[in-house]
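Trainee: Chains A and B are the protein sequences, given in the same order.
Take any residue in the first sequence, note its place counting from 1, add 1458, and you have its number in this note's numbering.
Take any residue in the second sequence, note its place counting from 1, add 1458, and you have its number in this note's numbering.
Honestly, the hints are just simulated from the structure, not real lab data.
Among these hints, one or two may not hold up.
Unchecked claim - Only some residues are given here: those of chain A computed to face chain B with a beta carbon under 10 Å:
| no. | residue |
| --- | --- |
| 1 | K1499 |
| 2 | I1521 |
| 3 | T1576 |
| 4 | T1685 |
Said to hold, decoys possible - Residues from chain A that face chain B, not an exhaustive set, calculated with beta carbons under 10 Å:
| no. | residue |
| --- | --- |
| 5 | S1533 |
| 6 | F1534 |
| 7 | A1538 |
| 8 | S1540 |
| 9 | D1582 |
| 10 | I1586 |
| 11 | T1607 |
| 12 | F1637 |
| 13 | G1640 |
| 14 | E1647 |
| 15 | Y1680 |
| 16 | V1694 |
| 17 | T1696 |
| 18 | C1700 |
Backbone N, C-alpha and C define an ideal beta-carbon position, used for all residues, glycine too.
Number of protein chains: 2
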Amino acid sequence: MLSKNKIKYIQSLKDKKHRLEHGTFVAEGKKIVSDLMESCKCQFVAGLPEILEEIEPITAEEIIAATTDELKKASFLKTAPSVIGVFYQPENTFSEKQLKDDLHLVLDGIQDPGNLGTIVRLADWFGIEHIFCSPDTADIYNPKTVQATMGAIARVKVHYTDLTDFLKKNTGVPVYGTFLEGENIYTAELPANGFIVMGNEGNGIRAEISELVTRKLFIPNYPAGKTTSESLNVSVATAVICSEFRRRI
Amino acid sequence: MLSKNKIKYIQSLKDKKHRLEHGTFVAEGKKIVSDLMESCKCQFVAGLPEILEEIEPITAEEIIAATTDELKKASFLKTAPSVIGVFYQPENTFSEKQLKDDLHLVLDGIQDPGNLGTIVRLADWFGIEHIFCSPDTADIYNPKTVQATMGAIARVKVHYTDLTDFLKKNTGVPVYGTFLEGENIYTAELPANGFIVMGNEGNGIRAEISELVTRKLFIPNYPAGKTTSESLNVSVATAVICSEFRRRI
């Protein structure tokens, strides 16, 4: 049975304050819970008995057989999930060599939890392991973000840091950003390493971060010169850019 | 003043039933309202007086100076917009020549209003004018969808139709879809016309529509063979595909 106290605890983890206090976060549904079992320590998992049997291995500190009604009360989703896991937030690390040799995303003030989750999911698809976020970017452990990653949160490591300091410490590595006056990304030569900076949904990349961009790129609209949307959704633009980098290898 | 009756009417347009009954829909914010003024008949527009002055031309049947408090009561957004417009749903048409010569999107059961809006926005960016949707796809006039288009709804024409009948009527035009066993999209030869079919978020393309796909494509993940997300978000995948089609021209 999923106790009232545990339901209250799960619900409290909707707030970043409580997630920080406990160092935990919530994931819902068999796919994400299963993916996370392999990468994060699990505080407890509560699910329908037949679903719990299907998750292998279950390495939680506590395994709780729950009813649909209990899961519905604990859930942040409209439809009750078959399983809910509470996981400890991992300590994500990276090596200097990875920083220099691999391709990374840098998110400068992405506000929408869904956009962040979608970006983590596509980063996983395109083989990007590390994402560096400004402190004002949405929280990776926001339940909406966790769900939007569709399990990619188990493989992609998200770091929060002062981006100006971070990029200044890593000079020598190319820093990419999209700007209207940038080079056509379809014909640009793109190496297999560097930082791809994506800016806030409404305001784009901050001025002080823009100054640190060493390669300005541009996704052309079609046909050239037509009146069109002024921009692409940030997760969509990130996908087109990552696809262009990976297409060349 | 935005009357209580008008606020009630705007709020009622959250439901498809009422949108169909009145043949209208709601758009919020200066950008979208301005874009729509050029393409749709406006029943009425309500906004802060200084914002109304900035929208040119205003061709609404009624122009209402409103207060932030009134706009907040009428709005579907968390933050009160500076202007709200109620527009008549346009009758979208297309020609046989356009069907044969241009590139179109075909949406088979896209459920999420935000995904649909994001797809309309990127279609506009990539010069796709017509989108054909199965009847069970989210409604283009859902307030969440309208907002997610960021004004592209004024330029992209969305049609709802039985997709099986529609595609069978248009044989001879290539029909593209993404499948795990498809051809690598990065190296495929892609013409400038045809229907790109995108499937439901969870279930993909329906079997009976899959049978009508004449060119199977695949977006490779990176690196090949790595355990990764099983799929991309549907708007993200649509963007990568449209970008690949437009890159070649």
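Trainee: Against each hint, give a clear statement of whether it holds in the structure.
Mentor: Taking the hints in turn, this is what the structure says about them:
1. Because the beta carbon of K1499 (chain A) sits about 20 Å from the nearest beta carbon in chain B, more than 10 Å, this interface hint is broken.
2. This hint is violated: I1521 (chain A) has a C-beta 25 Å from the nearest C-beta of chain B, more than the 10 Å allowed.
3. With a least beta-carbon distance of about 5 Å to chain B, the hint placing T1576 (chain A) at the interface is held under the 10 Å criterion.
4. With its C-beta approaching chain B no nearer than about 7 Å, T1685 (chain A) sits inside the 10 Å limit, and its interface hint holds.
5. Hint status for S1533 (chain A): violated, given a least beta-carbon distance of 17 Å to chain B, over 10 Å.
6. Hint status for F1534 (chain A) relative to chain B: violated, with the closest Cβ pair at about 16 Å, above 10 Å.
7. At its closest, the beta carbon of A1538 (chain A) sits 16 Å from a beta carbon of chain B; the interface hint therefore is violated under the 10 Å criterion.
8. Violation of the interface hint for S1540 (chain A) is found here, the shortest Cβ-Cβ separation to chain B being roughly 14 Å, above the 10 Å cut-off.
9. A least Cβ separation of about 4 Å between D1582 (chain A) and chain B falls short of the 10 Å threshold, and the interface hint therefore holds.
10. Given hint, I1586 (chain A) at the interface with chain B, holds; its Cβ is 8 Å from that chain's nearest Cβ, closer than 10 Å.
11. For T1607 (chain A), the suggested interface contact is upheld, since its CB lies about 8 Å from the closest CB of chain B, less than 10 Å.
12. Violation of the interface hint for F1637 (chain A) is found here, the shortest Cβ-Cβ separation to chain B being roughly 16 Å, above the 10 Å cut-off.
13. For G1640 (chain A), the suggested interface contact is broken, since its CB lies about 15 Å from the closest CB of chain B, more than 10 Å.
14. At about 15 Å, the closest approach between the beta carbon of E1647 (chain A) and any beta carbon in chain B exceeds 10 Å, and the interface hint on this residue is violated.
15. Taking 10 Å as the C-beta contact cut-off toward chain B, the hint placing Y1680 (chain A) at the interface holds, the least distance being around 4 Å.
16. Annotation: interface hint on V1694 (chain A) holds; nearest CB of chain B at approximately 4 Å, less than 10 Å.
17. The closest approach between the C-beta of T1696 (chain A) and any C-beta of chain B is roughly 8 Å, which is under the 10 Å cut-off, so the hint is satisfied.
18. A distance limit of 10 Å between C-beta atoms decides the matter here; for C1700 (chain A) the minimum to chain B is near 8 Å, and the interface restraint holds.
In this structure, the hints that do not hold are numbers 1, 2, 5, 6, 7, 8, 12, 13 and 14, in rising order.
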